[in-house]
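Participant: Here is what each chain is made of, one letter per residue.
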Amino acid sequence: DSGVTQTPKHLITATGQRVTLRCSPRSGDLSVYWYQQSLDQGLQFLIQYYNGEERAKGNILERFSAQQFPDLHSELNLSSLELGDSALYFCASSVATSGSYEQYFGPGTRLTVT
Amino acid sequence: QKEVEQDPGPLSVPEGAIVSLNCTYSNSAFQYFMWYRQYSRKGPELLMYTYSSGNKEDGRFTAQVDKSSKYISLFIRDSQPSDSATYLCAASPAPAGNNRKLIWGLGTSLAVNP
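Keeping their order, the protein sequence lines are chains A and B. Just so we're aligned, residue 1 is where the first sequence starts under this note's numbering, counting upward by one. Just so we're aligned, residue 1 is where the second sequence starts under this note's numbering, counting upward by one.
Quick caveat, the hints were computed from the structure, so don't treat them as lab data. We put the beta carbon where it would ideally sit given N, CA and C, even for glycine. Any given hint could be a false lead.
[Unchecked claim] Below are the DSS-like pairs computed for lysine-lysine, each with C-alpha atoms no more than 25 Å apart in a straight line:
hint	chain 1	residue 1	chain 2	residue 2
1	A	Lys57	B	Lys56
2	B	Lys70	B	Lys56
3	B	Lys42	A	Lys9
[Said to hold, decoys possible] Simulated DEER-style distance windows between Cβ atoms:
hint	chain 1	residue 1	chain 2	residue 2	range
4	A	Thr114	B	Gly9	43 to 53 Å
5	A	Thr20	B	Arg77	26 to 36 Å
6	A	Gln67	B	Pro14	40 to 50 Å
7	A	Gly3	B	Arg41	32 to 42 Å
8	B	Gly16	A	Leu61	26 to 36 Å
9	B	Arg77	A	His10	17 to 27 Å
10	A	Thr15	B	Glu57	48 to 58 Å
11	A	Glu53	B	Glu45	20 to 30 Å
12	B	Gly9	A	Gly58	39 to 49 Å
13	B	Asn27	A	Gly84	45 to 55 Å
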């Protein structure tokens with residue numbers, strides 16, 4: 001158990017809908033990362049937050065947004081969902097101090113768009 | 001060309017074999033290199049973490065980085081069926097503030113047969 005929690009575990013929704021994925025980092029970790037994993041694309045970095053502020057952006061679509069709250073939990077919002085958004089979504093956390101690159105992953109949310 | 005390339009396999013070996021998993025990268029600015037293991041439908045877990053060139057050993061696992069050839073390797077000695085998983089390599093340049101963005105390979109699927 002990495003100490004990172006994600007809810008829900010599974011989500012099934014229809015095209016055009018909006019969903020929110022939630023992540024709680026390990027105790028003491030200030031950075032949260034969101035990833036999308038599909039069979040053909042592998043693990044794709046979406047976005048990083050550090051202590052409430054956006055720090056790095058990857059291949060995140062404009063239909064997707066995220067935020068990190070004062071208690072350090074984070075939410076990833078996916079809107080106008082398309083079939084191609086079906087994937088595993090992982091959250092990871094790290095201390096993100098100097099020299100620390102170790103990211104600890106949650107169990108993921110499996111999103112199915114029908 | 002992806003910044004981190006990894007042969008997806010699958011790789012199938014008998015129990016007790018020495019396994020060699022490899023990645024190549026193109027960005028000479030990469031300084032930090034990681035290997036993660038991912039079991040089916042689970043989040044990736046950190047196995048090994050190295051900085052710059054050289055070897056690092058942890059039990060049956062050895063990580064090797066050759067910056068001159070931009071080559072990253074993970075060796076597993078005395079492989080066990082429980083090692084059956086997907087192995088992902090990741091790399092990152094020196095940190096910029098609290099940006100800890102990792103660039104990921106696609107992962108190599110390994111099956112260790114009893």
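Participant: All hints, please: hold or fail.
Facilitator: Hint-by-hint comparison with the structure:
no.	hint	in the structure
1	A:Lys57 with B:Lys56	30 Å, violated
2	B:Lys70 with B:Lys56	17 Å, holds
3	B:Lys42 with A:Lys9	11 Å, holds
4	A:Thr114 with B:Gly9: 43 to 53 Å	31 Å, violated
5	A:Thr20 with B:Arg77: 26 to 36 Å	44 Å, violated
6	A:Gln67 with B:Pro14: 40 to 50 Å	49 Å, holds
7	A:Gly3 with B:Arg41: 32 to 42 Å	19 Å, violated
8	B:Gly16 with A:Leu61: 26 to 36 Å	46 Å, violated
9	B:Arg77 with A:His10: 17 to 27 Å	37 Å, violated
10	A:Thr15 with B:Glu57: 48 to 58 Å	49 Å, holds
11	A:Glu53 with B:Glu45: 20 to 30 Å	27 Å, holds
12	B:Gly9 with A:Gly58: 39 to 49 Å	25 Å, violated
13	B:Asn27 with A:Gly84: 45 to 55 Å	28 Å, violated
Of the numbered hints stated above, those contradicted by the structure are hints 1, 4, 5, 7, 8, 9, 12 and 13, listed in ascending order.
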